[in-house]
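Top to bottom, those sequences are chains A and B.
So in this note's numbering, spot 72 of the first sequence is number 328, and the numbers just go up one at a time.
So in this note's numbering, spot 19 of the second sequence is number 54, and the numbers just go up one at a time.
Be aware that a few hints might be false.
Claimed, not checked - Mimicking DSBU-like on lysine-lysine, the simulated pairs with C-alpha atoms at most 30 Å apart in a straight line are:
{"id": "1", "chain 1": "B", "residue 1": "LYS104", "chain 2": "A", "residue 2": "LYS275"}
{"id": "2", "chain 1": "A", "residue 1": "LYS275", "chain 2": "A", "residue 2": "LYS309"}
{"id": "3", "chain 1": "A", "residue 1": "LYS274", "chain 2": "B", "residue 2": "LYS38"}
{"id": "4", "chain 1": "B", "residue 1": "LYS38", "chain 2": "A", "residue 2": "LYS275"}
{"id": "5", "chain 1": "A", "residue 1": "LYS265", "chain 2": "B", "residue 2": "LYS87"}
{"id": "6", "chain 1": "B", "residue 1": "LYS104", "chain 2": "A", "residue 2": "LYS309"}
{"id": "7", "chain 1": "A", "residue 1": "LYS294", "chain 2": "B", "residue 2": "LYS87"}
{"id": "8", "chain 1": "A", "residue 1": "LYS297", "chain 2": "A", "residue 2": "LYS278"}
It is worth saying that the hints were derived from the structure and are not from the lab.
Here is what each chain is made of, one letter per residue.
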Amino acid sequence: DTEVTQTPKHLVMGMTNKKSLKCEQHMGHRAMYWYKQKAKKPPELMFVYSYEKLSINESVPSRFSPECPNSSLLNLHLHALQPEDSALYLCASSHSGGNTGELFFGEGSRLTVL
Amino acid sequence: DAKTTQPTSMDCAEGRAANLPCNHSTISGNEYVYWYRQIHSQGPQYIIHGLKNNETNEMASLIITEDRKSSTLILPHATLRDTAVYYCIVRGRGSTLGRLYFGRGTQLTVWP
């Protein structure tokens, strides 16, 4: 199994809603990532988890709250978002430590904030 | 991590080789060159990476110049399914885990 699975594929939410994006991998990877991608722009790194601990937060606003309940799962909790947060949210995973390894990306969750 | 420069767009005829250049003139000795691609509305896909020597896998070949200031990704027989944005990324061994920074990339269009 070389897949990273993201759910939901599409999400529409209001600015007062609370929702979550989910990501799952069963490749035994110990590093997981969230990226944000706006239309016609490259992906931007948001968070990195290594061995289920948050190791990188790229100064992301607190309305985005990541969570790594176990080594296979990564969540992104969303609260009080703004319309400009509408984007494709990509999850990725990689083997821990060896940073010459590749990142495996999911297909993304497309978020629309009304 | 060093920055990269790529052409904004390129075209290629189906069945011909696609040669995608990348400049990374500030690359340091311990930094690798990675290539990813992103087909429309999908997640990025790893293609290949290298340090000094040329590399080849089932998807592509990577040619790195001797001074390592530039590289070329070669898709030997491009197909319509290779139409995508191709990202050249420089990443250091030992650099902070996960700091894979994407530049603007090259939009490759393969035409019949």
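| query | Taking only the CA atoms, is the gap from LYS104 (chain B) to LYS275 (chain A) under or equal to 30 Å? | reply | violated, 45 Å
| message | Run the distance test for LYS104 (chain B) versus LYS309 (chain A): straight-line Cα separation, threshold 30 Å. | response | At roughly 36 Å apart (the allowed maximum being 30 Å), LYS309 (chain A) and LYS104 (chain B) break the hint.
| request: Would you mind confirming whether the straight-line C-alpha gap from LYS265 (chain A) to LYS87 (chain B) stays at or under 30 Å? | output: violated, 39 Å
| query | Going straight from one Cα to the other, do LYS297 (chain A) and LYS278 (chain A) come out at no more than 30 Å? | reply | Given pair LYS297 (chain A), LYS278 (chain A) holds - Cα atoms ~23 Å apart, limit 30 Å.
| query | Can the restraint linking LYS294 (chain A) and LYS87 (chain B) be considered satisfied, given a maximum Cα separation of 30 Å? | reply | Roughly 33 Å separates the two Cα atoms, so the pair is violated.
| request: Take the C-alpha atoms of LYS274 (chain A) and LYS38 (chain B), compute the straight-line distance between them, and say whether it is at most 30 Å. | output: violated, 37 Å
| query | Would the pair LYS38 (chain B) and LYS275 (chain A) pass a check requiring their Cα atoms to be no farther apart than 30 Å? | reply | Between LYS38 (chain B) and LYS275 (chain A) the Cα gap is close to 35 Å, so the pair fails against 30 Å, i.e. violated.
| Distance restraint between LYS275 (chain A) and LYS309 (chain A), which requires alpha-carbon spacing of 30 Å or less | holds, 22 Å
When held up to the earlier numbered hints, the structure conflicts with 1, 3, 4, 5, 6 and 7 and fits the remainder.
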